[in-house]
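Undergrad: Listed below are the residues making up each chain.
Protein chains: 2
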Amino acid sequence: MIERIAILGTGLLGTSVGLALRAGGYKGSITGWNRTPEQGKIALSMGAVGELAPDPLEAARTSQVVLLAVPIYATLDLMEQLSGVLSPDHLVTDVGSTKAQITAAAGRLFNAPERAGFLPGHPMAGKERGGAAIADATLFGGAVWIFTDDPAWIRSPRSEELAKDWRELVVSMGSRTIELDSARHDALVAWVSHLPQFTATALSALLEEEVGSAPELKDVGGRALREMTRLGASPWSMWRDIALTNTEAVEKALFALEQRLAYIRENLRTPELRDEFERANRFRRD
Amino acid sequence: MIERIAILGTGLLGTSVGLALRAGGYKGSITGWNRTPEQGKIALSMGAVGELAPDPLEAARTSQVVLLAVPIYATLDLMEQLSGVLSPDHLVTDVGSTKAQITAAAGRLFNAPERAGFLPGHPMAGKERGGAAIADATLFGGAVWIFTDDPAWIRSPRSEELAKDWRELVVSMGSRTIELDSARHDALVAWVSHLPQFTATALSALLEEEVGSAPELKDVGGRALREMTRLGASPWSMWRDIALTNTEAVEKALFALEQRLAYIRENLRTPELRDEFERANRFRRD
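Chains as they are written, first to last, in this note's numbering: chain U, 52 to 337; chain R, 52 to 337.
Keep in mind that a hint or two might mislead.
Identical copies look the same in the list; a pair holds intra-copy or inter-copy alike.
Straight line, CA to CA, 30 Å or less: simulated DSBU-like cross-link-like pairs of lysine-lysine [unchecked claim]:
id, residue 1, residue 2
1, LYS178, LYS215
2, LYS269, LYS178
3, LYS215, LYS269
4, LYS269, LYS78
5, LYS303, LYS78
6, LYS92, LYS78
7, LYS269, LYS303
8, LYS215, LYS78
9, LYS178, LYS78
10, LYS92, LYS178
11, LYS215, LYS303
12, LYS269, LYS92
13, LYS303, LYS92
Simulated from the structure, these hints should not be mistaken for laboratory data.
Work out the full structure, taking the sequences as your base and the hints as a guide.
TA: So this is what it looks like as structure tokens:
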């Protein structure tokens, strides 16, 4: 049974996990660490963590389960460092939005009988802005929490048991767990998560240039505009690593959307427009 | 004071206007007409109209204010017919989503001292689907209702008075009225309403082809996906006339978004991506 958790990175996701663990009835200790101390103090004041650690490796070493809730390259860096200090009695897991590189590193650095275990995870939940201050105990309620576990891995019995218990804690936070191959995960999220984000960014940046200073903008924009540009508020810092670790799949998706918009543009006056609307209708009906 | 209103077209907007007029305290009569009788019967059963007329011209002739709540080309057709049967004691108004052609027709067919008045209107409210059954008395609450009135028009005193009273009824439905030049209106809605719609249609149609049959789709898609594709449910029948009456402006907006997406695609690994995110952030901050 898990009694000591370290959350490395107390931004929106890490802090929300702390709050959700408590809301789900978890009674053990939660130690927090954040690169910038301010976010850690906010997480502490919200009760998401019970104490703050000055050093991430020390916090990890004295815990059973270590949750990495930092950007993807920071996750990969911490994985390198942690693999040298943790034992088969530890389990590390994460919340990174792309999984191919992290899962490959997990196989290389963890997940052998004499090493700590690593369970790659990705909760399909978030907000368009980050930060501990907007953390929310209900963020994972009703969400799917994906694991890209590799069935070929042979973990130590202790870390395998911790992985099983962590899945139960994820369910206690209100999420439904599913399993996906890491390559399939990255291909799929390029379409259903990354493409929508980059589309909202492109649309918002375009509108900023074209009508951002129009005095009538606030009057004329309705729900459709607000909704289609909400993700435009997402900061680059949250998406840089995603762009860098899923580049080919995102390029392919963006190029396909460019062609699709051109097709609509060339067919505004033809019956092809109806077919395109019907395809779109079908996507929403299914 | 307005005592007799005819609503020609009892779909989502027409029926919602009837309900909103009643909710706002309007005590006069409301006569409804719809091309297909079923929608009229639903509007009647909901109390949005007090009676149904078999003929739109007769319903208009016996009313003071005639609201056209049909697609744009149907609006233009009815304008031609109504201009022959109405007198300077009538006011016609509409809810069409593009205003250049309707406003030009209003100047040609109405808005002279010996003719009926016409006040071109466009409530910035709607849903991604149509139909009387989902009409809503609160649809216009907090929304902006645009008028593209032409200050050069000289209406009969009676129709001018009815136009003033109609603006007050619009306020009673919870909307804020603003004035725009019709060409400016069409240029602006191409960016903030039509582009978001066609983008959602393109994205939904693309996803239908690429991942529509993926078994994991329902698991992996989150709020971002739902939000960015909600408008994909909009039917072609609601958008065909918009595509045909604001073609050049929509073509320009679509082409600009294609270029923007290509720019992001070519810069996923460069610092330009940060600048684009910051432009997008600015649009949401303003």
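Undergrad: Indicate, hint by hint, whether the structure satisfies it.
TA: Taking the hints in turn, this is what the structure says about them:
1. LYS178 to LYS215: within (28 Å within a copy, 45 Å between copies)
2. LYS269 to LYS178: Result: close both inside a copy and across copies, 23 Å intra and 19 Å inter.
3. LYS215 to LYS269: between (50 Å within a copy, 24 Å between copies)
4. LYS269 to LYS78: neither (48 Å within a copy, 33 Å between copies)
5. LYS303 to LYS78: neither (46 Å within a copy, 58 Å between copies)
6. LYS92 to LYS78: within (21 Å within a copy, 60 Å between copies)
7. LYS269 to LYS303: The answer is between: 22 Å across copies meets 30 Å, while 34 Å in one copy does not.
8. LYS215 to LYS78: within (17 Å within a copy, 66 Å between copies)
9. LYS178 to LYS78: Within one copy only: 27 Å inside, 46 Å across.
10. LYS92 to LYS178: Classified as within; 21 Å inside a copy, 44 Å across copies.
11. LYS215 to LYS303: neither (36 Å within a copy, 54 Å between copies)
12. LYS269 to LYS92: Classified as neither: same-chain Cα gap 37 Å, cross-chain 37 Å, threshold 30 Å.
13. LYS303 to LYS92: neither (41 Å within a copy, 49 Å between copies)
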